[in-house]
Amino acid sequence: MTSAAPQTSAAASRASSAGRPRDTVVIPVSGMTCAACQGRVQRELAHAPGVVDANVNLMMSNATVTYDPAVASPGTLVERIRSTGYGAELPSAGRTIVEEQEEQDRSRAEEFRRLRLRAVISLVAAAVAMLLSMPLMSANMRMGFGASADPLLGWVMRTLDPSLSHALPWLYALPPRAVEYALLGITLAVMLWAGRHFYTGAWAAFRHHNANMNTLIAVGTGAAFLFSVLATVWPELFISRGVAPDVYYEAVMFIIALILAGNALEARAKRQTAAALRALGRLQPPTARVLRDGMEVELPVEGVHTGDLIVVRPGERLAVDGEVESGESAVDESMLTGESLPVRRAAGDRVIGGTINTTGSIRYVATTVGADSVLARILRLMRDAQGSRAPIQNLADRISAVFVPVVLSIAVATFVAWFIASPSAPVVRGFAAAVAVLIIACPCAMGLAVPTAVMVATGRGAEMGILIKGGEALQRSGTLHTVVLDKTGTVTEGHPAVTDVVRARDVLTDDAMLRLVASLEQASEHALAGAVVRHAQERSLPLVQPERFEAIVGHGALGTVDGHALIVGNAQLMAAQGVSTTDLHETAARLANEGKTPMYVGVDGALAGLIAVADPIRPTSARAITTLRRLGLDVIMLTGDTRRTADAIARQAGIDTVIAEVPPEGKVAEIERLQRGGRRVAMVGDGINDAPALARADVGIAIGSGTDVAIEASDVTLMRPDLAGVSNAIALSRGTMRIMKQNLFWAFIYNVIGIPIAAGALFPFTGLLLSPILASAAMAMSSVSVVSNSLRLGRFRAA
Amino acid sequence: MGLDQWIVLAIGLAAIVWINWYFFLARTPAAAATEGSADAAEVVVAVRGGYAPATIQARVGRPLRLIFDRQEDASCSEEVVFPDFGIRTFLPAFQRTPVEIRPDRPGTYEFTCGMSMLRGRVVVA
Numbered sequence: 001m002t003s004a005a006p007q008t009s010a011a012a013s014r015a016s017s018a019g020r021p022r023d024t025v026v027i028p029v030s031g032m033t034c035a036a037c038q039g040r041v042q043r044e045l046a047h048a049p050g051v052v053d054a055n056v057n058l059m060m061s062n063a064t065v066t067y068d069p070a071v072a073s074p075g076t077l078v079e080r081i082r083s084t085g086y087g088a089e090l091p092s093a094g095r096t097i098v099e100e101q102e103e104q105d106r107s108r109a110e111e112f113r114r115l116r117l118r119a120v121i122s123l124v125a126a127a128v129a130m131l132l133s134m135p136l137m138s139a140n141m142r143m144g145f146g147a148s149a150d151p152l153l154g155w156v157m158r159t160l161d162p163s164l165s166h167a168l169p170w171l172y173a174l175p176p177r178a179v180e181y182a183l184l185g186i187t188l189a190v191m192l193w194a195g196r197h198f199y200t201g202a203w204a205a206f207r208h209h210n211a212n213m214n215t216l217i218a219v220g221t222g223a224a225f226l227f228s229v230l231a232t233v234w235p236e237l238f239i240s241r242g243v244a245p246d247v248y249y250e251a252v253m254f255i256i257a258l259i260l261a262g263n264a265l266e267a268r269a270k271r272q273t274a275a276a277l278r279a280l281g282r283l284q285p286p287t288a289r290v291l292r293d294g295m296e297v298e299l300p301v302e303g304v305h306t307g308d309l310i311v312v313r314p315g316e317r318l319a320v321d322g323e324v325e326s327g328e329s330a331v332d333e334s335m336l337t338g339e340s341l342p343v344r345r346a347a348g349d350r351v352i353g354g355t356i357n358t359t360g361s362i363r364y365v366a367t368t369v370g371a372d373s374v375l376a377r378i379l380r381l382m383r384d385a386q387g388s389r390a391p392i393q394n395l396a397d398r399i400s401a402v403f404v405p406v407v408l409s410i411a412v413a414t415f416v417a418w419f420i421a422s423p424s425a426p427v428v429r430g431f432a433a434a435v436a437v438l439i440i441a442c443p444c445a446m447g448l449a450v451p452t453a454v455m456v457a458t459g460r461g462a463e464m465g466i467l468i469k470g471g472e473a474l475q476r477s478g479t480l481h482t483v484v485l486d487k488t489g490t491v492t493e494g495h496p497a498v499t500d501v502v503r504a505r506d507v508l509t510d511d512a513m514l515r516l517v518a519s520l521e522q523a524s525e526h527a528l529a530g531a532v533v534r535h536a537q538e539r540s541l542p543l544v545q546p547e548r549f550e551a552i553v554g555h556g557a558l559g560t561v562d563g564h565a566l567i568v569g570n571a572q573l574m575a576a577q578g579v580s581t582t583d584l585h586e587t588a589a590r591l592a593n594e595g596k597t598p599m600y601v602g603v604d605g606a607l608a609g610l611i612a613v614a615d616p617i618r619p620t621s622a623r624a625i626t627t628l629r630r631l632g633l634d635v636i637m638l639t640g641d642t643r644r645t646a647d648a649i650a651r652q653a654g655i656d657t658v659i660a661e662v663p664p665e666g667k668v669a670e671i672e673r674l675q676r677g678g679r680r681v682a683m684v685g686d687g688i689n690d691a692p693a694l695a696r697a698d699v700g701i702a703i704g705s706g707t708d709v710a711i712e713a714s715d716v717t718l719m720r721p722d723l724a725g726v727s728n729a730i731a732l733s734r735g736t737m738r739i740m741k742q743n744l745f746w747a748f749i750y751n752v753i754g755i756p757i758a759a760g761a762l763f764p765f766t767g768l769l770l771s772p773i774l775a776s777a778a779m780a781m782s783s784v785s786v787v788s789n790s791l792r793l794g795r796f797r798a799a
Numbered sequence: 001m002g003l004d005q006w007i008v009l010a011i012g013l014a015a016i017v018w019i020n021w022y023f024f025l026a027r028t029p030a031a032a033a034t035e036g037s038a039d040a041a042e043v044v045v046a047v048r049g050g051y052a053p054a055t056i057q058a059r060v061g062r063p064l065r066l067i068f069d070r071q072e073d074a075s076c077s078e079e080v081v082f083p084d085f086g087i088r089t090f091l092p093a094f095q096r097t098p099v100e101i102r103p104d105r106p107g108t109y110e111f112t113c114g115m116s117m118l119r120g121r122v123v124v125a
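Protein sequences, first through last, are from chains C and V. Just so you know, we're using the numbering used here here: the first sequence kicks off at 1 and counts up by one. Just so you know, we're using the numbering used here here: the second sequence kicks off at 1 and counts up by one.
Be a bit skeptical, because a hint or two may be false.
One-sided and incomplete, this derived list gives chain V residues near chain C with beta-carbon spacing under 7 Å [claimed, not checked]: (1) ALA15; (2) ILE16; (3) ILE19; (4) ARG48; (5) GLY50; (6) ALA52; (7) THR55; (8) PRO83; (9) GLY86; (10) PHE90; (11) THR108; (12) MET115; (13) SER116; (14) MET117.
Bear in mind the hints are in silico, worked out from the structure with no lab data behind them. All C-beta atoms in this analysis are idealised placements derived from N, C-alpha and C, irrespective of residue type, glycine included.
For reference, chain V alone in the conformation it holds in the complex:
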């Protein structure tokens, strides 16, 4: 193998390591503490190629209102699904859509887009 081949091999390996580090290990989603309101905890989740914040902390037994602010019209994010709560809601583009859940048990509840590609989770403690 010539030098250029060694170089390409090294760059390629580095790229693969970086890809896996960036998408799997470097995921440090800012866990957003929820703000309070009279009847339920609330948090605005921006929907644009993903959910920001992607991890939301909530308290057991307190209703949680996630306000999805869909800032795009790409069809990928048009639905949000909370499988544990049997919720599938259409999110109109460029609008805020509230989804209310009532986590009665501690645990991690995932929410995804209609095709399970975009992911977020609610950590209930």
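Just chain C, same shape as in the assembly:
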């Protein structure tokens, strides 16, 4: 079940109302044919014990029942329905995206095998038919009729005829009438068996005033067949008018065989476009080892609940998302985040279901399961992305809507023009040209040009840890001018850390000073204080409770630790407390210029040193920004931070344009200002604080960190906190645009050139006429080539 609005798709869901638990189940019911049947089942269910509400749906052939699980169960409800004489089955679990994909794959694989078999047998039949018809054609030639129905076959015949009449004299001894009727029979069999769906499909569409590719094939081959039947049954009609009673039987079979072969290749190529989705679906392990009452039990993954403790051994795949409770290991998250190296995960770290535990053993608490898990959300996003459309497709869609009737008209006009203008064999030539027009025209390539590229590109993106929302996001990302980067958490790590510890005198060691300051700052809630405490903890310094603590807002803090009077803060606080900062004044200024925040430390009335804290730049940022520049993009950093800090970070990252001291609400205005200047702007931020700016930008790129990604909030989501994802996303989008344009161009130009050639536009100049058989080969290859071109995106490499 697919739905645009959120809803429960599982077969059974649980809701609680007025304190009583209630379950809802959807039971498939068979055998209902009318409203009376529906009413009968409905009444039976409504009177069943424990049923709160029953709704039988005739069109869907199912019953939705809400019941009290203490009284009824799906099993008793099924029995109840069966007692009315209708069939009922226990519901299977809701179809997941993976199952849907598997079903589609099975159907495509089966289609491929079916098409291949039909193509091969038609091809063999066509070859036999060609051999049989050799003597017929050579007889027609001898009778003085020049033009052969199919120029290609005419050429083959002229080439082979002399040697063939030597090698297989018995072939030429066969009675021509019998051979013709045999050919008629073989062709009819091939049409009805191998090509039947062309005719039934064309007829079904015709009844709805629709025309599609089947219409063209059916009309083209059907006309050729009827012409041949007439020539077989009533050859005098042709001969009396000086026209060869040529038959097209082998041409009809070749056309059917080649188109079937093309369709088979297309079915196989289309299967590959979903390769990434399929690979992601396989990441979910079927079972998990859960600790229950101190025992390890292997449970199906559906049985894992939030809060369960899960044990993972080396080499195993994690079943659900969670938070590590104990143990330590390196986890390979490459399949979800694109991060090539395994990531260290220890107590307190988040882990993602579907990733592989490499060396160590860990125990973790399940946090999200089922449809809410990261993997399920990625799959859903991908499925939706692949169903979306790109605006570039609009023109192609408008053309395909009128394509087939227009081609039918051109085919009629072609015949008329030949009939009127051809000096010799007007019927035969006009007919061959009209059939060639019908066969060569291919609307399929136009329809496949954009969707296949979107499928492959979103799949490749997901493999690289880049989730792209759909065709429109791809198209906009491919045409950007400017990339605006948020500073905190995007260019930088987003977590302030201690960068420098400087001593003024040799009274205290670094660690001793750090221990005192950290002990004091434990009482503070300031972000800078948190950085100092973390730093001390990382160095395993034993912290103590401060005897006294006082926060001086905007300046720092003071208090007493281990009997020492401590002052931590800026120069003004030091001056106010009578501590001279002259010794470290220059150092502090230098650090501030580097984008760091220096804090003076006074111990017992004298300056002891200073500690500098900064939000360090991500190690990958500078390189990624260089890549963005190389892609010809303007890079701008936007931050609420002070000008001095912002400039310092921009210098390290290699960014020229900095817009600093922008309040959060001013970011949207800055984006709009850039857009008014005619720029197409991408905004890169963490997706939570920058949500309005991401929404305002032409492309909002949310930079995430695996588990806490706001997947649905932005146009592009990076699974890994690495700006390289931004350049990769843009390069991939540009590559996709390129492929889409190539595909559309090829699909258009193919028809624009192919149809006139088939109609005989070159004949007056070169004497060249296109064989309908060659036309069918060209037509079959045109859609295959478009899909294959899209598949190239699957090999996209990082920029």
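Given chain C, put chain V in place with the hints provided.
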């Protein structure tokens, strides 16, 4: 030009006029009013070389469940796409597959096969 050529010309022109009339002008798809059920309006759409009915009328804000009954295995109709709702669904052959949409604004919403060849529309008023 001889008589036979005039005749062929006349027949050819008539055929072209007829083709364009039949496929473009004579399209009178029966707009199916949707039947009601408890939670959503529903309509069964037969999928066989096209969609029947091809035009479905729906009311704003009321969920609409289109039950696609694919009566063929020709690969053309294997997917149905609702571009405005970001839906692309596989329709297993000879099965009924529901697709639910919630049109919040009046307008015409097109749905097509995976290759945009078969077309239908939902007219929301």
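To see whether the hints hold, each was checked on the structure:
1. Interface hint at V:ALA15: satisfied, since its Cβ lies 5 Å from the closest Cβ of chain C, which is below the 7 Å cut-off.
2. For V:ILE16, the interface hint holds, since its Cβ comes within 7 Å of a Cβ in chain C; the closest pair sits about 5 Å apart.
3. Hint status for V:ILE19 relative to chain C: holds, with the closest Cβ pair at about 5 Å, below 7 Å.
4. Evaluation of the V:ARG48 hint against chain C yields a held restraint, the C-beta minimum of about 4 Å falling below 7 Å.
5. This hint holds: V:GLY50 has a C-beta 3 Å from the nearest C-beta of chain C, less than the 7 Å allowed.
6. About 6 Å separates the beta-carbon of V:ALA52 from the nearest beta-carbon of chain C, less than 7 Å, and the hint is met.
7. Against a cut-off of 7 Å between C-beta atoms, the interface hint on V:THR55 is violated, since the closest Cβ of chain C lies about 11 Å away.
8. With a cut of 7 Å, the hint placing V:PRO83 at the interface with chain C holds, because the nearest CB-to-CB distance is about 4 Å.
9. For V:GLY86, the shortest C-beta to C-beta distance to chain C is roughly 5 Å, which falls under 7 Å, so the interface hint holds.
10. Interface restraint check: V:PHE90 against chain C, minimum CB-CB distance 4 Å, threshold 7 Å, status holds.
11. With its C-beta approaching chain C no nearer than about 14 Å, V:THR108 sits outside the 7 Å limit, and its interface hint is violated.
12. The interface hint given for V:MET115 is met, as the beta carbon of that residue sits about 3 Å from the closest beta carbon of chain C, less than 7 Å.
13. Because the smallest distance between the Cβ of V:SER116 and any Cβ of chain C comes to about 5 Å, under 7 Å, the interface hint for this residue holds.
14. Because the closest C-beta pair between V:MET117 and chain C is about 5 Å apart, less than 7 Å, the hint holds.
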